[in-house]
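Chemist: The residues making up each chain are set out below.
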Amino acid sequence: MEDETFTDISGKSICLDCQSHSSFCREFTVSSPKVSIGKVMVYTCSVWLLAYAVFFLTQNTAVLSSAILITLVGMMFHIHFVKVDHETLLVIGSLGIQVSSSYASGREITTFIEMSKIKDIVINEAIYMHQIIYYLCVLLKDPSEPSAVSSVVPLFQSSKPRLNCLVKVYKSCQEILSKSQ
Amino acid sequence: MVENSPSPLPERAIYGFVLFLGSQFGFFLYCLWAFIPEDWLHSIGLTYWPQKYWALAVPIYLLVALTISLLLLLGVNFSNTAPLHSVDNITGRNMCQPVNEVEKILPKVDQKNEQKVFLSQSLVLKGLICQKAAIRTI
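Top line first, the protein sequences correspond to chains D and X. Under full-length UniProt numbering, the first residue of the first sequence is numbered 1, with each subsequent residue one higher. Under full-length UniProt numbering, the first residue of the second sequence is numbered 1, with each subsequent residue one higher.
Think of the hints as simulated: they come from the structure by calculation, not from any bench. The reader is advised that the hints may include incorrect statements.
One side only, chain X facing chain D, incomplete, derived with CB under 8 Å [stated by the list, open to error]:
hint: 1; residue: F78
hint: 2; residue: N80
hint: 3; residue: T81
hint: 4; residue: H85
hint: 5; residue: V87
hint: 6; residue: I90
Even glycine gets a Cβ: it sits at the ideal position worked out from N, Cα and C.
Chain X on its own, in the form it takes in the complex:
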């Protein structure tokens, strides 16, 4: 299995540089469109472009949406947290089915098919061992 690590790699450097150049170029084009008067754009032949109103409106919309989504994420986190009276807060091995019942259901380990059986064992354990604690999405 390839390990995922955040260390710098040559491919990542290239992606980053391409993104950097692309975004700088895109910003330059956006500034050109926003500042050049409509008559000059029409005289060149570019007639079917959006109104200049959107040159201001889109960035403002994006920033307001970003701020609201930050607050919304906080609110969603708070409302998804289990309340104090819910059973999800109780985590512990003694709270669920006793261990000997789990052993009866686990299949016997076969020498040849050890890999497959190990996988199915872990899936069965995950199904039987009790529910998760309150998971916070961050």
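The following block holds chain D by itself, in its conformation from the complex:
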């Protein structure tokens, strides 16, 4: 369980944890940094100061209560739907791959892809907004047409790690996948 400084594409530090459960089963977890209390306080204070300023001008008390409501609902929405805590990739040789991402509120979304549908796991390079990034993706194939790529499932989408992290995960995955295909 080494801990070199991995970062995501915008420079924020992330954490990679590789666990080898057996010779054909490995689990990789990429964790993003938690929600910082300073940022929460800054956002809350700025929204409430703005609401107080509007109240000072208009003398309407509904502004204050609506600002409190907006802050609470916004925070709940953010930690339940937006903020991803960690993403895991579980590779089980000759069975399949399980991809799961868990949010800061505890919600987990899991998908399982069986081995017959998987063509390969590759590091691909693509244009993302104004930059070109590397990302790890699973190439899926249709069992009836094994030589063509039917779809692509990108991995670690919320915490986009940089190439050094991806290479580590890729090498480890390929050891298992090459044995089972």
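With chain D fixed as given, assemble chain X onto it according to the hints.
Modeler: Chain X in isolation, oriented as in the chain D frame:
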């Protein structure tokens, strides 16, 4: 085939100079129309010309349209870029039909009709080899 190159040519110099003179003259006429009061223009006999409002409005419209079209072009580029989960991002010879199938479909090369066959071969290859990568229009 004539090679297209951006080097200076005598014809291009002449076109450029004609455009330069024409645009300077057009600007001079526009300034005349914009600055001379309406009464003087009416007294000469030029009565059916647009309102002076347009002397300001048209340049402003054009500049705003230019700025918005620049931002719009950027937006169109971003929205046309293939998302990370699309198959268009995967480019590689191993991703498509294997090469021996392509060879079966290609016509045999005939000594006499080599030119025509070469053209049809390249068209067939373009049709069979896999889809383009995400193309950005710049």
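Chemist: A closest beta-carbon separation below 8 Å is what the hint needs, so does X:V87 meet it against chain D?
Modeler: With Cβ-Cβ at 6 Å, under 8 Å, it holds.
Chemist: For the restraint on X:I90, tell me whether the closest CB of chain D is nearer than 8 Å.
Modeler: X:I90 check passes; min Cβ-Cβ to chain D is 5 Å, inside 8 Å.
Chemist: Holds or violated: the hint that X:H85 contacts chain D, with Cβ atoms closer than 8 Å.
Modeler: holds (5 Å)
Chemist: With chain D as the partner, please determine if X:F78 meets the hint condition of a C-beta pair closer than 8 Å.
Modeler: The hint holds - X:F78 has a Cβ within 8 Å of chain D, the shortest such distance being about 7 Å.
Chemist: So, X:T81 near chain D? Judge it on the closest CB pair being under 8 Å.
Modeler: This hint holds: X:T81 lies near chain D, its Cβ roughly 5 Å from the closest one there, short of 8 Å.
Chemist: Hint check: is the beta carbon of X:N80 less than 8 Å from a beta carbon of chain D?
Modeler: violated (10 Å)
Hint 2 alone, counting from the list given before, is not met by this structure.
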